[in-house]
Each structure stands twice: as structure tokens, then as C-alpha cells.
Amino acid sequence: MELTAREFKAYFKKVIDMIEAEKDYLCELDRKLGDGDHGVTMSIGWQAVKAKLDNDLVDEEDCGKISIAVGKTFLNAVGSSVGPLYATGFMRGAKIIKNKVVLNGEDLAYFWVAFGNGVKERGKAKVGDKTMVDTLDPFVNVIKNKYDGTQDFLQLFHEAVTAAKEGMHATKDLASRKGRSSRLGERSIGVQDPGATSAYYILATFLEFIEDYSRKVS
Amino acid sequence: MKKLINSPVDVVEEMIEGYVMAHPDYISQLPTNKRSLVTKKANKDRKVGILIGGGSGHEPAFMGYVGAGMADGVAVGNIFASPSPDPILEVTKAIDKGAGVVYLYGNYAGDVMNFGMAAEMADLEEDIEVGMALVTDDVASALKAEKEKRRGIAGEFFVYKAAGAAADFGYGLNDVVRMAEKANENTRSMGVGLTPCSLPQTGEPSFEIGEDEMEIGLGHHGEPGIEKGKLESADRVAERLVRDILADIEINNGDDVAVLVNGLGSIPRMELYIVYRRVEQLLNELGITIYRSYVGDYITSLEMGGCSVTLMKLDDELKKAVHHPVDCPMFVQK
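Quick mapping for you: the protein sequence lines, in order, are chains B and X. Last residue of the first sequence: 218 in my numbering, with the numbers rising by one and none dropped. Last residue of the second sequence: 1334 in my numbering, with the numbers rising by one and none dropped.
This list has only true hints and no planted wrong ones.
Coverage of chain X stretches by chain B, computed from C-beta distances (three or more under 8 Å per stretch; other residues unrestricted): (1) 1073-1081; (2) 1202-1209; (3) 1220-1233.
Sample of chain X residues lacking proximity to chain B, with all beta carbon distances greater than 10 Å (derived): (4) Ile1005; (5) Asn1043; (6) Glu1059; (7) Ile1128; (8) Met1132; (9) Gly1170; (10) Asn1174; (11) Glu1185; (12) Asp1248; (13) Glu1271; (14) Arg1292; (15) Val1326; (16) Val1332; (17) Gln1333.
Computed Cβ-Cβ distance ranges for the label pairs, DEER-style: (18) B:His158 <-> X:Lys1040: 55 to 65 Å; (19) X:Gly1296 <-> B:Ala175: 29 to 39 Å; (20) B:Gln151 <-> X:Pro1031: 44 to 54 Å; (21) X:Met1270 <-> B:Arg177: 38 to 48 Å; (22) X:Glu1014 <-> B:Glu2: 41 to 51 Å; (23) X:Glu1013 <-> B:Lys14: 20 to 30 Å; (24) X:Val1009 <-> B:Lys14: 20 to 30 Å; (25) B:Lys216 <-> X:Pro1024: 52 to 62 Å.
Everything labelled a hint here was simulated from the structure, so no lab data went into it. All of these numbers come straight from a predicted model, not from anything done at the bench. Just so it is clear, CB atoms sit at the ideal spot from N, CA and C, and this is done for glycine as well.
Sequences are here, hints too, so could you generate the full structure?
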């Protein structure tokens, strides 16, 4: 598995389309737990990323620089809590793929681990707090524990995304302990966390992307 | 819900444009960031700059409190969302006079991260010292044992007032922070929600509530409160709010307080004054003196219905700060 900057950017464009499609559903989840704007916030951020990709980044071939630009653009457009979280994730990921114009399986594996760890570190949430960490932590653990540079990346990523999905579903039965919804306590049980949901979609979109891509190249 | 807007995606930018146009003597927008506004009425004796900020939709907060006696600058976020570090950093650079800048904001996860990142950038990239004070006045948002989890609501107004006055008194960075922290420490609020607001982008109500219901302890973004019940009279609601506040902070016979009865956006002044009436009666019965009172829309939630009561216990230094004059586009005190 190898991705050039062109594919890396195409993945982000796929995320942009996915967020537009899921915007209302994410708002609906958030209305039950917060102020009902999670889909809107994600859309504002990713639309700003779209403008960046369509203009300043059109000729950019350094995947690290692309990841930094995506993080910073998203952050400046949204602020909020997801801004610093995703920005930190993409900027930590950027460190791993610094100066790279082609990303192989190993680069991608460590990129996503750094991404997940960055989010976790910035937000200081733990597994079970009903946040995006419930999606990201099991995802990161699969890659971290199983990847030794020899496995098929696609297969491994598939497994990691499955763990992410389970983590996302588990947030439904949790009482929130972080962010605005934590004030709800027990009343937050029964609703899947919107932040955990969008984080899963972003990972699942990457899986879809590399599945399509590997089918195309093989 | 009906909105008098052009397009949901433009509401924040168009509000800022209109605000800057309407108050050319007071406010300027930084050329480096359209979400960064600074005062033209800065007190020349101030050493320390005061920076406030938060999401839009709470007007007059936060941009309405930029002016003489209050904040030197504001970073404006999207609706109910913290501003990103960039506009915060630009304001910091614009208002620093060499003695540092104090950030004042409510205790919300997003604000803590964005203001925290901006403070790191100010220190590393610009060599500007930043002090911070978080507002945590809402007694309904967490138990007293977990006070560090409490969110900031209408009490933010008193913290801005105290810190702004302290800066005008010529205090240094540490003393302005100390004053802001003292104001926060002495301030408690609690609110009641009657009707939801709706975000321009979604149009959906922020929470569900029956025609005959109220929600005690409701947050400023429609976060659910501590209990939902049948709507009661203004006197009963005022008694409940004051009771819960006084259970949380010791204010005794002979103490002085500042009182704020704050409207959340669509409650008539009439109802706010009816609430205030009962608040003052209760405090009088307890021998607590009202040094100064504020009644009106100070920190709102778009068109949300409801109000909050805030008490700040005063010592001599805070009295002096409360008494200090203010001249801002959305708030004037002579």
C-alpha cells in the first residue's frame, strides 16, 4: 500500500463529502447531549479545509505539510473543542510523515497512532468518558500492539476500524464525564456520543478510501 | 424558529461588521484577523491588557464589554463555540503594553484548549506573558466538591468588571489575575430556562421543554439543568435560585453583595424586575446589603427564555471595582 500526496488529498475530500452527508445526524445526536451543533461545527471546519485543498494545496506534494495545513485550517475555522483536538491530531501525525511525498503502510500506521495519541493528549479524556477517545483508543491499540512492519496494512486497518466501531457503539451506554454533556451525568446514557461518532466516520472513510484505492491499483 | 438573518453561514461575520460600523469611536477590527476586536477607549494608565472571548450568540457578551473600564480586546468565536487560537493571539499582540495580558473566559472544554494554546503561542512566539482566570460561577453545573468542573455563566460579567477595574487601578499582571480570581471565588449564579433557543444553522430548538415547564439550573447553551419541573411563580423561582446560591457560599448578615438578574435573551424586562424584587426582599430579610444591582440582558443565549441570578460577595477592594465607571458599546456605568 502506497499513497502519494494526490491520494492523501483525495482522502480528505472524501471526508468533506462524508461530513456533509452526516451533518444533520451528528447535530441530532448532539442535541440530546450538548448544544446540537456538532455536525455544523464539523462542516464549517471541513469546508474550510476544502477551500484550502482547492487553492493553496493544489500543488503541494509534501504529505506532512498537507496534514499540518488540514489541522491548522480546521482549527482556525472552528475553534470550539473539536478544533484543538483534530488540529493536534493532524499536527502530531504530520511529524511522522514530515517531508514525505509517498506514504507506505508503515508511515500510515504510525501516522494514525500519532493522530490518536495527539487527540488523547490534548483533550485529556480517558476511555469511558464518552468522548472521541472511546473510538480512537481501541483503534490506536490495535495498530500499536499488532503492527511490526510486516503485516498487510489494509487488513490491519480494517481490524483497527472494527475496534473503533465497537468503541463508538459503547459510548451509548456510558455516562458522560467530559465536556458539556458531562453536566448531564446519568441523563447522557442511551445516546451515542456525537464526537465519538464523527471520529469513527473519519477513520471508516479512510478504510473505504484505501479499499477502493487498492482495488483500483491491483 | 424565525430569524432575521441573511444566511446562516454569515451571521457571525455580518454581526461583527455591523457592530464595528455602529461604534466607530469605540471599536476597531484588526487587519490581521476579522474575529479580533480591540477598544479605542483604552485607559492610558493601564499596564496590563484584558482579553475576553468566547462563542457568539451571548451578546452583549463578549464583544459588547470591550471599552473603558472593562476589556481591551475580544476574540469572537462561532456560535456557542470557543474562538480558535489565532484571533486570540492577534488580540494579545495588539493589546500588550509590555506588562502582559490577562485572559478571562468561562470554564468550557473548548475555551480551555483554545485559550491555552494561544497562551502558549504568545509565550513562545511573541514573548508576551499571559495570565488566566477561568469563571466557574454556575452552582448548578457541578457539585461544590467538584468546583473546578463548574461552567461560567452570567458571573463572567462581574469578573470582567473586577479585572477591568483592577487594570485601570494600575495593577500588575499577578494582581489583575488575583482580582479576577477573587471575583470568581466570591460569585455564584444559578439560572432557570423557560424556552429554548435555536441555532441559525440548524433551526432546531436547543432543548425540549413543555409549555408549562421550567428547567432549574439550565446552562447558557441549553445544557440540561438539574431538574425539570412545573413552571412556578417568579417569587418561588427567585427563592429557589437564591436558596441554592446561599447554600453554596457563605454570605452573612452584614455582608455586602452585588446582584445581577440576567435575562437569557427573550425574557421581558418586566419579568426580570419582578424576579429582582423578590431577590432583594430575601436578601434584606437576611440582613445582606445590596451595594449595587444590575438587571437586564448581560449574557444571553440567542433567544432563550429564562433568567439567572448572580450574587458577588464584596470586600472593600471588590466594592471599589464594582463602583468603577465603564464605557463600552453595550454597557455604560457612570
